[in-house]
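Chains as they are written, first to last, in the numbering used here: chain A, 1 to 152; chain B, 1 to 486.
Just so you know, these hints were derived from the structure itself, not from any lab. Note that the coordinates shown come from a computational prediction; the quantities given were computed from them, not determined experimentally. Incorrect hints may appear among the rest.
Unchecked claim - Pairwise CB distance ranges (calculated): (1) A/T2 - B/F19: 29 to 35 Å; (2) B/G428 - A/R101: 26 to 32 Å; (3) B/I108 - A/D100: 37 to 43 Å; (4) A/V15 - B/G357: 37 to 43 Å; (5) A/G85 - B/N170: 28 to 34 Å; (6) A/D100 - B/V63: 41 to 47 Å.
Just so it is clear, CB atoms sit at the ideal spot from N, CA and C, and this is done for glycine as well.
Residue strings, one per chain:
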Amino acid sequence: MTRHGRARVSVVTRVVAAGLVGVGLAGLAVGAVRGVRATAARADPAEVSAWRLDLAYYDCLSAQAHSLLYRGETVDVSMADPGSGVTLAKVVAPFAVISDRRSGHVVLTLVARPGPGSCLGSVVVAHDPTGGVRTGGDGSLGGRRSPPATPL
Amino acid sequence: MVIVLAAAGALPVLALVGFRLVAVPLVPLGGSVLAAVATAGSVAVGGTLEGWFVALALGATTVVVALWLLRPSRRPHRRNPETPSVLDRLTGLVALIGMTVAAGWSLIALRTPSVGFDARTIWMLHGRWYEQGHAVSLAALRNTALPFAHAGYPPLVGGTVALSWVITGNHTDRFGVVVVALLNACAAMAAAWMLVDLGRRAGRWVADARGPDASATVGLGVGTVPCVVGAGSAVLLVLVAFGVAGPFATNGYADMLWATSAVGAVGFGLVLSGRRTDLGAAVVLLAVAGLTKDEGYVTSMAIVALVALRGAVSSPVGETGRWWRPMAAGAAGVIGLGLWPLVTRVLHAAPNAAAPGPRDGNDVSRLHDSVVSMAAHLHILLLAAPVALVAMIVLGRARRAMGFGSDAWTWAALLAGLGFILVVYVTGPANIELWLLTSTHRTTFYGALLAWWVVGIWAVIGSAHGASQRGVRRRGRPTGTLPRSA
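I would like the entire structure built from these sequences, with the hints used as guidance.
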């Protein structure tokens with residue numbers, strides 16, 4: 001390659017190198033600013049309040065479930081309403097054994113029953129194998145608000 | 001809790017990476033790997049999690065001390081191939097402070113006490129099982145009544161959370177979520193640290209290439225440019241990583257942990273020059289990624305294979321290296337990563353449920369839907385791909401001269417990770433629409449983050465090339481090189 005050609009290539013590589021630095025750092029800065037904004041939005045007081053309610057809701061359901069079951073007990077969680085069933089399973093699974101065999105176990109359901117003693121309008125109900133029905137106690141969370149939608 | 005993890009992981013990590021600042025975020029991650037292995041022992045063999053953890057921590061520490069006593073050349077202060085300059089130390093310190101501030105700021109999202117859906121149904125639930133010991137954990141692993149609990153997922157997150165509950169006595173889900181977020185921050189910092197090392201080595205290349213008269217002609221600052229760009233990029237990438245992960249960085253999900261760890265492993269294993277201490281950092285990060293989630297161990301296996309292949313290709317036959325050594329090490333790594341899946345099969349773990357509903361659509365329609373859904377979270381590829389293409393054509397030789405691995409390795413690792421996810425969506429069960437809707441944001445973290453890292457890496461290399469050319473008119477191309485490039 002001639003000296004002229006080499007000089008031209010050198011200029012091109014310098015321009016490309018400078019462009020990579022500029023585009024790269026600008027891109028990273030934009031990405032970082034978006035990250036900072038997203039983080040700040042998640043720390044917003046409204047978000048904090050909503051998720052505190054979510055924690056209180058699950059604590060309430062957990063207290064009700066504990067009032068109906070002993071640790072390590074084998075239970076069945078009704079999935080007739082899958083949404084309620086999964087919510088209840090999240091509360092019960094940490095301390096009881098959920099079974100998919102339906103005979104001889106307590107069956108738990110989450111029932112809409114607004115009023116005192118409910119967790120944002122829901123109560124945990126246990127159907128005993130003997131036919132008895134018990135309602136969870138020990139937990140109460142009043143109000144008409146709903147817990148925040150959980151990102152999946 | 002982080003102090004306990006760091007104490008357990010300190011010596012094994014230092015034995016692998018030497019006395020380097022990257023050890024600061026890696027040490028707690030090393031402790032979490034020990035927690036994962038302890039969990040696997042407790043579940044598979046018996047005994048308590050804390051008993052296994054103490055035994056493993058003491059055992060690993062004893063082995064490392066014995067190794068250092070018997071082979072002084074393996075001591076950490078002797079493992080760095082060159083003495084760091086004042087500029088190296090200063091850059092490292094500033095970068096560490098900057099990254100710590102960035103990660104700390106990103107963690108203010110923990111003010112919001114969110115415990116995510118998967119955090120409750122998978123990660124905190126696993127912690128509840130593991131803290132109750134062998135019998136409960138094994139029964140839970142085999143319980144088919146909770147398919148959404150993914151009982152067979154790797155044990156790092158659940159084991160570390162359980163250990164944190166046992167040690168601190170704080171048994172709340174909220175505390176478990178904080179522990180996972182701290183691990184996320186450590187992984188993001190460790191992965192971003194690769195840019196700091198890249199910048200420092202590129203700066204050294206610039207200084208070597210310009211020769212001893214460089215300071216006289218262009219001033220002392222010529223080697224600092226890539227150092228500054230590397231450190232700045234690393235700080236920005238920590239913020240970017242938390243932005244990409246969004247709410248899943250601080251609500252107890254495990255996706256950011258495996259993704260950032262895998263990205264860091266690509267950086268240390270496939271981009272930096274292939275020194276033992278770089279590979280040591282890659283080993284720690286691969287262990288974290290591989291023990292965190294199913295996607296993590298499959299992607300880690302692919303990265304291990306690529307690192308081994310790179311080592312074999314760049315081994316000078318008949319000299320210090322032989323091609324079979326990296327291949328044998330790679331085979332050992334793949335086997336190690338495959339142990340947990342093997343254990344879950346031997347123990348008859350319950351199958352996972354990807355998403356509700358029967359399989360719908362055919363392979364072609366599922367492929368189309370999956371590509372469209374994943375692409376919505378991979379816009380960064382529109383920047384990274386052209387940047388990489390132009391850069392490889394124009395600056396590929398300069399990159400090789402600096403001793404860094406070809407960008408093709410990074411893209412191979414990126415495509416392997418995303419390709420695996422795509423194959424699972426296409427061939428897997430479940431209602432594809434719901435499955436994609438509830439997962440592609442998270443399953444694309446790895447691809448998106450690695451693309452961001454590609455942009456940062458080329459910015460550092462571009463700055464080094466520019467600095468090496470500054471003031472040069474007719475002196476010819478710099479020729480300095482570092483060993484073991486591929």
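Comparing the hints with the structure gives:
{"no.": "1", "hint": "A/T2 - B/F19: 29 to 35 Å", "result": "violated, 50 Å"}
{"no.": "2", "hint": "B/G428 - A/R101: 26 to 32 Å", "result": "holds, 27 Å"}
{"no.": "3", "hint": "B/I108 - A/D100: 37 to 43 Å", "result": "holds, 42 Å"}
{"no.": "4", "hint": "A/V15 - B/G357: 37 to 43 Å", "result": "violated, 54 Å"}
{"no.": "5", "hint": "A/G85 - B/N170: 28 to 34 Å", "result": "holds, 29 Å"}
{"no.": "6", "hint": "A/D100 - B/V63: 41 to 47 Å", "result": "holds, 44 Å"}
Checked against the numbered hints given earlier, the structure breaks hints 1 and 4 and satisfies all the rest.
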